[in-house]
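Protein chains in written order, with the numbering used here: chain A, 1 to 345; chain B, 1 to 278.
Hints are computed from structural coordinates only; laboratory data are not their basis. Model, not experiment: these values are computed from the prediction. Just to be clear, a hint being listed does not mean it is correct.
[Stated by the list, open to error] Here are some chain B residues pointing at chain A (derived, C-beta under 8 angstroms):
1. S10
2. Y11
3. L13
4. P154
5. V246
Beta carbons: idealized from backbone N, C-alpha and C, even for Gly.
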Amino acid sequence: MQRYYVLNKNKLINFLSFIQSRSKLAAPVKKGEKSYAFEYITDLEKIALHYLPTILPVKKYFLPQRETLIEFNKKTRKTTHVIEFEELTLFGVHTCDLVGMQCLNAVMVEDPKDINYLERKNKLTVIAFECNSYCDEHATCGIMRTFIPSSGYDILFTEFDTYFLIHIGTTKGSEIVNESRLFDVAQKEHFDELNKLRKRKEEIFKPEINASYDELKKLMERACCTGAWEGIFDKCLSCGTCTNVCPTCYCFDINDDIDLNLLNGCRMRTWDSCQNEGFAKVAGGENFREERKNRQVHRYMRKFKYPVDKYNMYFCTGCGRCSRACVAKISLKETMNLLSERIKL
Amino acid sequence: MNKKTIKHSSYTLKPAHIIETKYLTDDIKYFKLRFTDGTDLDYTPGQFVMVSMCGVGEVPISISSTPTRKGFFELVIRKAGKVTSDIHSLKTGDKIGIRGPMGRKIPLSTIEGKDLIFVAGGLGIVPLRSFIDFVLDNRRDFGKVEILLGCKTPEEILFKDEIKDWEETLNVEFNCTVDKADPKWKGNVGLITSLIPSIFVYPERTYAIVCGPPIMYKFVIKALLEKGIKEDHIILSLERHMKCGVGKCGHCQIGNYYCCQDGPVFFYHEIKNNWEAL
Ligand SMILES: Cc1cc2nc3c(=O)[nH]c(=O)nc-3n(C[C@H](O)[C@H](O)[C@H](O)COP(=O)(O)OP(=O)(O)OC[C@H]3O[C@@H](n4cnc5c(N)ncnc54)[C@H](O)[C@@H]3O)c2cc1C
Ligand code: SF4
Ligand code: SF4
Ligand code: FES
Numbered sequence: 001m002q003r004y005y006v007l008n009k010n011k012l013i014n015f016l017s018f019i020q021s022r023s024k025l026a027a028p029v030k031k032g033e034k035s036y037a038f039e040y041i042t043d044l045e046k047i048a049l050h051y052l053p054t055i056l057p058v059k060k061y062f063l064p065q066r067e068t069l070i071e072f073n074k075k076t077r078k079t080t081h082v083i084e085f086e087e088l089t090l091f092g093v094h095t096c097d098l099v100g101m102q103c104l105n106a107v108m109v110e111d112p113k114d115i116n117y118l119e120r121k122n123k124l125t126v127i128a129f130e131c132n133s134y135c136d137e138h139a140t141c142g143i144m145r146t147f148i149p150s151s152g153y154d155i156l157f158t159e160f161d162t163y164f165l166i167h168i169g170t171t172k173g174s175e176i177v178n179e180s181r182l183f184d185v186a187q188k189e190h191f192d193e194l195n196k197l198r199k200r201k202e203e204i205f206k207p208e209i210n211a212s213y214d215e216l217k218k219l220m221e222r223a224c225c226t227g228a229w230e231g232i233f234d235k236c237l238s239c240g241t242c243t244n245v246c247p248t249c250y251c252f253d254i255n256d257d258i259d260l261n262l263l264n265g266c267r268m269r270t271w272d273s274c275q276n277e278g279f280a281k282v283a284g285g286e287n288f289r290e291e292r293k294n295r296q297v298h299r300y301m302r303k304f305k306y307p308v309d310k311y312n313m314y315f316c317t318g319c320g321r322c323s324r325a326c327v328a329k330i331s332l333k334e335t336m337n338l339l340s341e342r343i344k345l
Numbered sequence: 001m002n003k004k005t006i007k008h009s010s011y012t013l014k015p016a017h018i019i020e021t022k023y024l025t026d027d028i029k030y031f032k033l034r035f036t037d038g039t040d041l042d043y044t045p046g047q048f049v050m051v052s053m054c055g056v057g058e059v060p061i062s063i064s065s066t067p068t069r070k071g072f073f074e075l076v077i078r079k080a081g082k083v084t085s086d087i088h089s090l091k092t093g094d095k096i097g098i099r100g101p102m103g104r105k106i107p108l109s110t111i112e113g114k115d116l117i118f119v120a121g122g123l124g125i126v127p128l129r130s131f132i133d134f135v136l137d138n139r140r141d142f143g144k145v146e147i148l149l150g151c152k153t154p155e156e157i158l159f160k161d162e163i164k165d166w167e168e169t170l171n172v173e174f175n176c177t178v179d180k181a182d183p184k185w186k187g188n189v190g191l192i193t194s195l196i197p198s199i200f201v202y203p204e205r206t207y208a209i210v211c212g213p214p215i216m217y218k219f220v221i222k223a224l225l226e227k228g229i230k231e232d233h234i235i236l237s238l239e240r241h242m243k244c245g246v247g248k249c250g251h252c253q254i255g256n257y258y259c260c261q262d263g264p265v266f267f268y269h270e271i272k273n274n275w276e277a278l
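Please model the complete structure; the sequences and the hints are all you need to start from.
Okay, here's the thing in structure tokens:
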């Protein structure tokens, strides 16, 4: 399979139109001065190719905020399992967000597999767009090593002055490129440019936290039950924004909805947040994470400690969304740096 | 959004008939169930099921019967809120949706031939009853059996008839204490931990199986360790908020563990260093 192609920049519009002829298209759109969102695209002109990480990551297409798991009828007592899905191409997925999707995949393929997620994922086509420089000061993709795309896409676009260099990740990606007839096979000069760019990126993206990649887990283990967190989360409102916007947070709730006729209903899965006060409360009244601070420490442990033990992956992509969106202006980068000052590794 | 139907997912409900119910106290009701397709629930003591009331929700409930008795399984449910209240309204003949069994199957061979101490606080006797009846159905395979039960008041003691049976016919030591006595009460008054020092144990061959309200564990474990019982001989059944039961939703997390899959039954040595366990 031919792996590398080039697409002249002036053909991008033709390519996106071709995509639209195959499936629905979603891509980043500017919403405010510094805010962007992934949306369904009808008007291609609206796509913002250079964007700050979207408010919500693309996980919203993989694990929707609300989805039906079961439909039931109270009278016939029939229950039906349903999977909601759509044929959709995501264009412009940032390098760090590719890692976010891989984290979710790791969780959902683990037995017992989440069929709803996996089936839906198979209907999605991912066209990634490599970041050549930092989006803003909140990002920590340098230390998380998520600034070089490795996998998780069908097609990857890397931008150069007059063209995009394309890397094919899957057979699906290859089919799309071939069918569109818009691409040329990449030549030596293109690879040279790519190598130069990747080298340049190694100079641009540097660890933003005063610890090494491998030390982050140790930092959590040491900090976990100590006073190292003192003061850091005093301003936290437990609003749950940081978990909602996080590409690797997937905690959910399951609730039933029933029609007004009290006959037909469905069991729904909705996003939940470990920051909610009642998240770990049981019927006897005991709340296992009553203190706000403990809920935040739990969140950090779920990024830098537990998933490393379980999946051998950090569940932080360094996207910076949690810091960017926090109403109390609590920054992940500053928190980690403060911990590394307070904890001797 | 397109929709397709599938035969089976992690959320599949299996219908069961209610074949018997009775109130054990004002707000605790017993249910005997049988799957409508006649199959048995393939479980180990310590496991639980998700019980579904379509339109209201789903709740985790311990299996209270022993797998040695076939053709049915039993649940004992306290009215705690929305779903449990709705379950209480069910009668014999009604149908209900079940998911499970959920949770770890602990190897019962580890406790075979051993002396056992069951320590139950309040409703903790419900899941322990599955172990107890299992042991009693295989009475010869086990050593000395001691049951310690702590309840708030004498009225809250569940399974009074069965307890009598256990004591009289099955060679089981039974000790009970209540926090608050009434005039008729002739037994012990005080916390459950007060029952532990006076029992006689051979530490090497004794296993303790503990279930009760969260606050109880620390004290009971301390008392058991003081008796010389080894850390890997203490078995604990922990309760956490649960939504999915399949290790995904995050609600039941205890540090590195998911209570719904890695538990709810743990050996003390597995969790003693877990910052969220006890
Ligand atoms: C492994 C396990 C075994 C259990 N076994 C039994 C049993 O044998 N008998 C019994 O009576 N009860 C048992 N429980 C407790 C039972 O699940 C709760 O009482 C029930 O979920 C409350 O639901 P509700 O809709 O009636 O109450 P709600 O109206 O939902 O809420 C009442 C309270 O219950 C808490 N709660 C809600 N949902 C859950 C949940 N899914 N898990 C835990 N707490 C929750 C809420 O935080 C709230 O504090 C068990 C719980 C677990 C985790
Ligand atoms: S977004 Fe900020 S204020 Fe809200 S829960 Fe997260 S850390 Fe706390
Ligand atoms: S924890 Fe923050 S920086 Fe890390 S992936 Fe989640 S939102 Fe992005
Ligand atoms: S109940 Fe959902 S992870 Fe355990």
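Hints, verified against the model:
1. Below 8 angstroms, beta-carbon pairs count as interface contacts, and B/S10 has one with chain A at about 5 angstroms; its hint therefore holds.
2. The beta carbon of B/Y11 is positioned within 8 angstroms of a beta carbon in chain A (closest approach about 5 angstroms), and the interface hint is therefore held.
3. Because the beta carbon of B/L13 sits about 6 angstroms from the nearest beta carbon in chain A, less than 8 angstroms, this interface hint is met.
4. Checking B/P154 against chain A by beta carbon gives a least distance of about 20 angstroms; that is not within 8 angstroms, so the hint is violated.
5. At a threshold of 8 angstroms, the smallest CB-CB gap from B/V246 to chain A is about 5 angstroms, leaving the interface hint in force.
Hint violations for this structure: number 4 only, all remaining hints satisfied.
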